[in-house]
Amino acid sequence: MTAAVSLRASVEPARPVIELRGLGRSFGTVEALREVSFAIPSGAFVAIMGPSGSGKTTLLNLLSCLDRPTAGEYLLDGIPTAGMSEAEQARIRRERIGLVFQQFHLIPYLTALENLMLAQHYHSVADAAAARAALERVGLGHRAGHRPSQLSGGEQQRVCIARALINEPSLILADEPTGNLDEANETVVMDLFRQLHREGRTIVLVTHNPAFGEVAERTIRLAHGRVESDR
Amino acid sequence: MFWRVLRQSFLEGRRRKVLAGVAVCLAATLGMALATLSVGVGDRMAQELRSYGANIRVVPKGESLSLGSLGLNPLKGRETLAEDDLPQIKDIFWRNNIIGLAPFLNAEVEVSGARVPLVGTWFRRDIELPDGDPFTVGVRTVAAHWAVAGAWPEADDEVLLGAALARRLGLGPGAAFDAGAAGRLRVAGVVETGGDEDAAIIADLALAQAVAGLPGRVHAVEVSALTVPENALSTRARHDADKLTTAEYDTWYCTAYVSAIAHQIEEAVVNASARPVWKVAAGEGAVIGKMQVLLAVVTLAAFASAAMGVSALMTATVVERAREIGLMKALGARLAEINGQFLAEAALIGAAGGLAGAGLGALLAQGIGRMVFGQGLAVPWIAVPLVTLAAVLVALAGAAMPARAIARLAPVEVLHGKR
Ligand SMILES: Nc1ncnc2c1ncn2[C@@H]1O[C@H](COP(=O)(O)OP(=O)(O)OP(=O)(O)O)[C@@H](O)[C@H]1O
Ligand SMILES: [Mg+2]
Numbered sequence: 001m002t003a004a005v006s007l008r009a010s011v012e013p014a015r016p017v018i019e020l021r022g023l024g025r026s027f028g029t030v031e032a033l034r035e036v037s038f039a040i041p042s043g044a045f046v047a048i049m050g051p052s053g054s055g056k057t058t059l060l061n062l063l064s065c066l067d068r069p070t071a072g073e074y075l076l077d078g079i080p081t082a083g084m085s086e087a088e089q090a091r092i093r094r095e096r097i098g099l100v101f102q103q104f105h106l107i108p109y110l111t112a113l114e115n116l117m118l119a120q121h122y123h124s125v126a127d128a129a130a131a132r133a134a135l136e137r138v139g140l141g142h143r144a145g146h147r148p149s150q151l152s153g154g155e156q157q158r159v160c161i162a163r164a165l166i167n168e169p170s171l172i173l174a175d176e177p178t179g180n181l182d183e184a185n186e187t188v189v190m191d192l193f194r195q196l197h198r199e200g201r202t203i204v205l206v207t208h209n210p211a212f213g214e215v216a217e218r219t220i221r222l223a224h225g226r227v228e229s230d231r
Numbered sequence: 001m002f003w004r005v006l007r008q009s010f011l012e013g014r015r016r017k018v019l020a021g022v023a024v025c026l027a028a029t030l031g032m033a034l035a036t037l038s039v040g041v042g043d044r045m046a047q048e049l050r051s052y053g054a055n056i057r058v059v060p061k062g063e064s065l066s067l068g069s070l071g072l073n074p075l076k077g078r079e080t081l082a083e084d085d086l087p088q089i090k091d092i093f094w095r096n097n098i099i100g101l102a103p104f105l106n107a108e109v110e111v112s113g114a115r116v117p118l119v120g121t122w123f124r125r126d127i128e129l130p131d132g133d134p135f136t137v138g139v140r141t142v143a144a145h146w147a148v149a150g151a152w153p154e155a156d157d158e159v160l161l162g163a164a165l166a167r168r169l170g171l172g173p174g175a176a177f178d179a180g181a182a183g184r185l186r187v188a189g190v191v192e193t194g195g196d197e198d199a200a201i202i203a204d205l206a207l208a209q210a211v212a213g214l215p216g217r218v219h220a221v222e223v224s225a226l227t228v229p230e231n232a233l234s235t236r237a238r239h240d241a242d243k244l245t246t247a248e249y250d251t252w253y254c255t256a257y258v259s260a261i262a263h264q265i266e267e268a269v270v271n272a273s274a275r276p277v278w279k280v281a282a283g284e285g286a287v288i289g290k291m292q293v294l295l296a297v298v299t300l301a302a303f304a305s306a307a308m309g310v311s312a313l314m315t316a317t318v319v320e321r322a323r324e325i326g327l328m329k330a331l332g333a334r335l336a337e338i339n340g341q342f343l344a345e346a347a348l349i350g351a352a353g354g355l356a357g358a359g360l361g362a363l364l365a366q367g368i369g370r371m372v373f374g375q376g377l378a379v380p381w382i383a384v385p386l387v388t389l390a391a392v393l394v395a396l397a398g399a400a401m402p403a404r405a406i407a408r409l410a411p412v413e414v415l416h417g418k419r
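Top to bottom, those sequences are chains A and B.
Going by the numbering used here, the first sequence opens with residue 1, and the numbers climb by one from there.
Going by the numbering used here, the second sequence opens with residue 1, and the numbers climb by one from there.
Keep in mind that the hints were calculated from the coordinates and are not lab data.
For every residue, glycine included, the Cβ atom is placed at its ideal position computed from N, Cα and C.
Fair warning: there could be bad hints in the mix.
To give an idea of the interface, some chain B residues facing chain A are shown, with a C-beta separation under 10 Å as derived from the structure [unchecked claim]:
| id | residue |
| --- | --- |
| 1 | 2 |
| 2 | 4 |
| 3 | 8 |
| 4 | 11 |
| 5 | 12 |
| 6 | 16 |
| 7 | 324 |
| 8 | 326 |
| 9 | 327 |
| 10 | 332 |
| 11 | 334 |
| 12 | 337 |
| 13 | 407 |
| 14 | 412 |
Please construct the entire structure, taking both the sequences and the accompanying hints into account.
Dropping the structure here:
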């Protein structure tokens, strides 16, 4: 399956990681998203911005297969996601997507290292050496044995980013990753994303932070659930 | 990794888990006590049946049977059986299953100014059967459980002293004492039976007959017989032999049920009433039986409330850890994996509570056994894993409902909370 995909990818290098066709999501009478269409090629760094309530989180939930659209189509790596069972969606999440949350969401009773290993375990097998290397990568090799409560917000977010990377996902999705951080940590985390981008990873990031808008190579603005601008 | 997560998460919220564990432990304690009592009492009866054979007590018709094993009741004894009829007992259809018998005659003598029961019997003697064959009879053939310190009596003036009486009189093997009408007696041994004999002098039958003025008579005969276990047919026959069909009656009569043998003894001996004797069956057995029913009910209730306790614990845990469960789902964990984690926690609580309960239950059963039998019961070790397994299953059943809540939980609802 993955072999077939990568083969196709090598034949058609322009195939997008994400392709949205008229995507919509309504909650009862509230239309959180409507007629959203865009494509994100491999290796892109896209910032999604917009006022509060414009549908950014709703969009990210759809992209991460945590939610289902009520209209339109979403293709991930060229595969339509409509009609997938919950188990298939879970498989997509563990194999292709790395998630970074505003509230970090680490498991409180596991150490930083164990939090990474849990994600590895869900994906395939836990590998302490690889997990440790990933922590080194975000500059936290020396805090591997610490629990989240013993880490600062910035450190927790770096663990969260390391976790999002650990299984080599084709797509990294982040919802306001610096929303709960002070300026110093914000810079550290932003640098980390910049670095990931340079390594050629595909990143879609929701942010209120104009600085991120500068870093990203493309900014999609939402307003009232529609794409307002895409540059 | 599974175990790592399990170990760490198990240490979370310990207080509630301890509570649920205690509920399971309580249920398991009762379950184990029940199992120990059930098996222990069965064992005890089987043991008695083995050591006594199935004893049958033959008394004159109209005598009450409910007194102690040798019927040492001074008010009794007006009616008697003929000593000469005893060989008839070995002449019934199941004669080959009769492996021993002993007559008993109750009398009283005065020792140091106090009235003391004197029981006459045969210790061991060879008699001639109606068909001319020899047969060894006597108390040594029916009372394997008599523990004698010293020697069995050989001479006519030698006796056994009941242990309690020996203590009271300060006599031991080799001593001699004056026993009123019985004359001077020598103590060959001291016997401990746990029954009325412990307070009596056990002497030769002829001596007791002379003292009581009842030559050639006996008050009771104890018969030891090899029998097959009772079943539905023999139980019915015992209660109402008249209601059996001819075929059933024949089957019963020609099977070595203790009731069939007793029936044949009644046919053989004039004026005799023969009844099987189970020491446990009568008194203690009934108490234990009631206790078993009570324990069974309480155990069921305890297991049900344990399941509810675990269910409440797991529900609270799922609510409390909704964020964590949502995260696991978002990371792409399989539902089975997440459920497995929580079920494993429940199973651990069940196993811990179950094991502890099995231990406590065995102790509880010992206590009950001591209270009822004056002696502990053998612990059926096989019940330990069974009770633990039951506890685990109950805990898992309790965790089943929360597992559904886990399946329904949507990650988006818990992960993007604005807090
Ligand atoms: N589960 C839901 N039920 C009903 N309405 C919802 C639900 N989730 C989102 N909405 C609505 O959809 C709209 C978009 O919400 P969304 O959370 O995507 O906004 P957002 O752009 O992420 O805002 P913020 O910047 O404040 O995070 C809002 O009007 C919100 O009230
Ligand atoms: Mg949002």
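Status of the hints after comparison with the structure:
1. 2: This interface hint holds because 8 Å falls under the 10 Å limit.
2. 4: holds (6 Å)
3. 8: holds (4 Å)
4. 11: This hint holds: residue 11(B) lies near chain A, its Cβ roughly 7 Å from the closest one there, short of 10 Å.
5. 12: Residue 12(B) check passes; min Cβ-Cβ to chain A is 5 Å, inside 10 Å.
6. 16: violated (15 Å)
7. 324: holds (6 Å)
8. 326: holds (8 Å)
9. 327: The hint holds - residue 327(B) has a Cβ within 10 Å of chain A, the shortest such distance being about 5 Å.
10. 332: Since the shortest Cβ distance to chain A is 2 Å, the answer is holds.
11. 334: holds (6 Å)
12. 337: holds (7 Å)
13. 407: With a minimum Cβ separation of about 9 Å from chain A (threshold 10 Å), the hint on residue 407(B) holds.
14. 412: Status holds, d = 5 Å.
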